[in-house]
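Residue numbers (the numbering used here), protein chains in the order written: chain C, -12 to 274; chain E, 15 to 434; chain G, 6 to 352.
Fair warning: there could be bad hints in the mix.
Per the computed footprint, the stretches of chain C lying under chain G, defined by three or more beta-carbons under 8 Å from a beta-carbon of chain G, are [claimed, not checked]:
#	stretch
1	94 to 100
2	213 to 221
3	249 to 256
4	261 to 268
Please keep in mind that the hints were generated in silico from the structure rather than gathered at the bench.
Using N, Cα and C, we set each Cβ at its ideal position, and we do this for glycine too.
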Amino acid sequence: MPPAGIWIDGLVQSCIYMTMAFGMVLVFSILGILNWAHGQFYMLGGFVVYYAVTAAGIPFPLSLLISGVIVGGLGMVVEKVIIERLTGPGYGLLAVTAATMALIFFFEGAAGMAFGLMAKGMATVLPGVLDMSSFSISYQKIAVIAFTLIIMVAMYIVLNRTKIGKAIRATAQQPDAASLYGVSVGRVSLIVMGIGCALAAMAGGIMGPVQSVDPFMGRIPMIMSLLAIVIGGLGSLTGAIAGGIILGLLNSVIAYKISYFSEVVLFVMVIAILLIRPQGLFGTGAK
Amino acid sequence: MKKWYNVLAILVTAVIVLGMFATACAQKPAPAQPTGPITINIGLPMPLSGTASPWGEIPTPFREAWVQVFNKEGFQVNGQTYNVKLIQEDDENSAEGGSAAAKQLIYGDKCKFFAGHWSWNFSAVAAVTNPAKVIFLTRTGSPDATPASGGGAYDPKTMPYVVFGTPSQEEYRANIFALVEAFPNYKKIGILDSSVGKGAPTWTDLFARLDKAGIRWHDEYFAPGTTDFSPIITRFKDEGCDIVFVAGWIGEFMTFLKQRYEMGYKDMKVGCTGPFVSMDVYNAVVGADAVQGAIGGYYAPWEFKKTKVDPKYIAQCQEAMKIAAQTTGAPFEYTGEMPWVPSHILILTQAMQKAGSVDDPDAIMQAIRGGTFDTTVGKWTMSGAQTYGSPVVFGTAGCLCSIQGGKEVYLSEHPMDPIP
Amino acid sequence: MIIGEHYFANRNLIPKVVIGALVVLLAAFPLITTDVVTLSTLISSGIWAIAAMGFTLVLRTGQFSMGQAAFMAIGGYVSAILTVRLGIPYWPSFLAAGVISGLIALMIGLIVLRAGGISFSIITIAFGEIVRIVALNWGSVTKGATGIVTRAPAPITIGNFEINFAAGVVPYYYFMFFLVIVSGLFFWQIDRTRIGGTFRSVAANPILAEHLGVHLMWYRVIAFTVAGVFTGLAGAYYVTFLGVMNPLIFDLWKSVQIMMMTIVGGWSSIVGGPIIGAAVLYSLGNYLSRLPIPNIQYLVFGAVVVLVLLFLPKGTGLVDLWGKFWRKVFREVEEYELPGESSQEDE
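One chain only, chain C, in its complex shape:
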């Protein structure tokens, strides 16, 4: 039985994967595409928080919100300018897939040129460690867990209790019917993209103090959120949460047991899921 520390750190990883996967699934269910540049918004969010905290002295929680707004806005711009033009009747998935992948390189290059390649740290934010009897956990990691809980609650409220949330859910299930009821699919797409990217950005920001911020930090979270979505089921929000939790804990425990081979295990598992049960745990089965 792995010690408590392994489970706790797995949980912290789960929180991030969960948040990222949630954002990705939101975008997927409304826009019908996988945003391969999702990890880049994570990275950009991290940088915005870094500069807000260190250069502008803005308190951390406010910086998180600011990065959510700014990067979410950027996401909306990307949606309007690029994604909207490349999707629609007659377009396959190729153009928009290629475009979002190209954006990976674009944002990495831009961040590298603008911010430099050296890792930037925020260890002074929420310093200190909480020592329990059998394990210790830093306040920064506690913040990650708290942040994720808040986000999940917020998302629940938005999606189930607000008008826009209803519009989003309606569009996800039946875009044609929804537009008959006066929901502008274009507007919903824009908002959903904004929310998805904002989630990614805040995830990057909250992880900043835990690790560091550098231009290439978006690659792994994107791949991990992709795996989480596969486990949970493409297109299912509950699946994203479940997938994130399973992936994070599994990754930690397997790494503890067989160290670096955890990579292979995860990839083989994903292939098996896609071949045997492509709808994952909670997916709707439609492709």
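Following the hints, position chains E and G against chain C.
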């Protein structure tokens, strides 16, 4: 009739475009040399973009400053004074990039020598330099840059123009011995590398030597890109390791350092292969508390206790540090470049003087093999005295420091044993 | 020759003459310049062009394979292991690399092509990663991270004339040229046959795809296998050109770049598009690396792809500009498009 004019126009345009492409990629003729010292171009393929580039970029002000200081005097061969010019090309830390950078340096920038190379593309670069008879000063320590007899890819017979000016592999060994000397009451040394390095000749060789010396050790590997080291930290703890030596990139070392502290293992000492980049970065990423006691390579030649360095080189290095500080506008503390470009260039120029030639690669290599050279990291005798038979490896001081307060403080030193 | 008849039977001779002239120019290129850097850039572009052609073929059956670089790795390792570790001469090893790569593609394809769309793409990503990890850890065979140092193929003597690969890049250039021509002709011919026509219709019309049912699955497997063969050959050749084979050379991001070369070049033409895309993007990337601005190559690379997607009409790439250009020149409604495709002038 008009159609044919159009076609002709197309053909002419195509020829012009291709011609432009060819000339754009082709070499530019060198400007006329002013009278005075003759400049020798020295190529440096290294990562300027991508994930490994911080380690390439940070020393750049110091490298250029050192070359500036060196050129004040230059060096003399057969009565003619020479200067050196360092030309960097981005090799993206990959085999393809290394091959392209090497070709650009040799055929585009007209370099006959490479120095200061450390990135992970030894084989690809050597495949370009050896047929062109370009002397390639690099380091041991990446998995392919070790002799084939030990599992690496280097073959002295097919790669006769390779010099290992910085013996990183031997240095890892020296560092571990230095650690043991610094902490004689250690329980077990943990060694961590990414899975890319697992099974590499560097480690198999090291583990054999550690066993022979009776040193207790345990190795672990992480998947590249890992950001959560808690499983591995726990594994080290389970094995009873109280000192962990991390052979990863700076980011991974910093993350490990921070996470082990946060997990409550404040007494676990962590060391890294390679020097500390900048205290500011460490304090910012790891936190001033967690960073205390971190151990790293230490290349300040004025602090070596067991290896003597010529005071002239010490003075040059310190002057270069000052110039670098002026260029960057901030104090420049990074000493990690000492065993690289400065040391390699000193080896090369001293060999040229011994051989009496600046452009006969065979004569220069003859002078390098088995020769004794005095550099910024001490005076060592190069191995490989047998012509084209054995690897050509320089020496190193194997010096360590630890972080106390905000400063690097000398910890211990284990000079390398000479290689036959 | 059948190909020749079809080629010249088309009325629009002039664009084809120009293409022919360019081909001749490229063939004679080493006579114009022996600059190593230029020739090396062209050689690498040619190799990636072949990989892009394979990607395009698979794309024609409606699938995005994000694991093509893995087949280059397989081809590379097979040829490296056979030549260096087993001492087999280069050319048989080269062909064996293609065959084995194709066999693996066949096996994988039979299992995996059933899953459609995004699932297939994700599986190919995972496949690519697994190949990399296996190569890294199966040290006894692949020598892990150390890699295998490859040798130039042995000199070939034809009469009094000796082709010595170890002497420089020119022989590599000619063989690459030959390989690209052969691959191009092969892919072009597939495109011309019924299979190719079916592929194209399927790519454009998913309902037809469903009606084809099990036949579609076979077409997909065939396309994937053929792509595997040629991509494996390309990898095997690249590895001897580069001088070394290790697990890090062909990774996920290379697969992404292959896709981008196809997109930028245009996938309406299975030969011209990949060649143009590979040449443009590779040369551009190389040129940008030489500029003293770090990381600009990532930025421009991404920007170029996005701009091509946004500003060129739907589904076209640079190769389609060629067709448009000739239509402007002749001011005729007549199409210079792929034979067999109906005219669709309303962009």
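Cβ contact check, 8 Å cutoff: the stretch 94 to 100 of chain C against chain G, three residues minimum: It holds, with 6 qualifying residues against the three required.
Whether chain G covers the stretch 261 to 268 of chain C (at least 3 residues having a Cβ closer than 8 Å to its Cβ atoms): As far as the stretch 261 to 268 of chain C goes, the hint holds, because 3 residues have Cβ atoms under 8 Å from chain G.
Coverage criterion applied to the stretch 213 to 221 of chain C (partner chain G; beta-carbon cut 8 Å; 3 residues): Check passed, 3 qualifying residues.
Claimed coverage, the stretch 249 to 256 of chain C by chain G - three or more beta carbons nearer than 8 Å: holds (count 4)
Against the hints set out earlier in the document, no violation occurs for any number.
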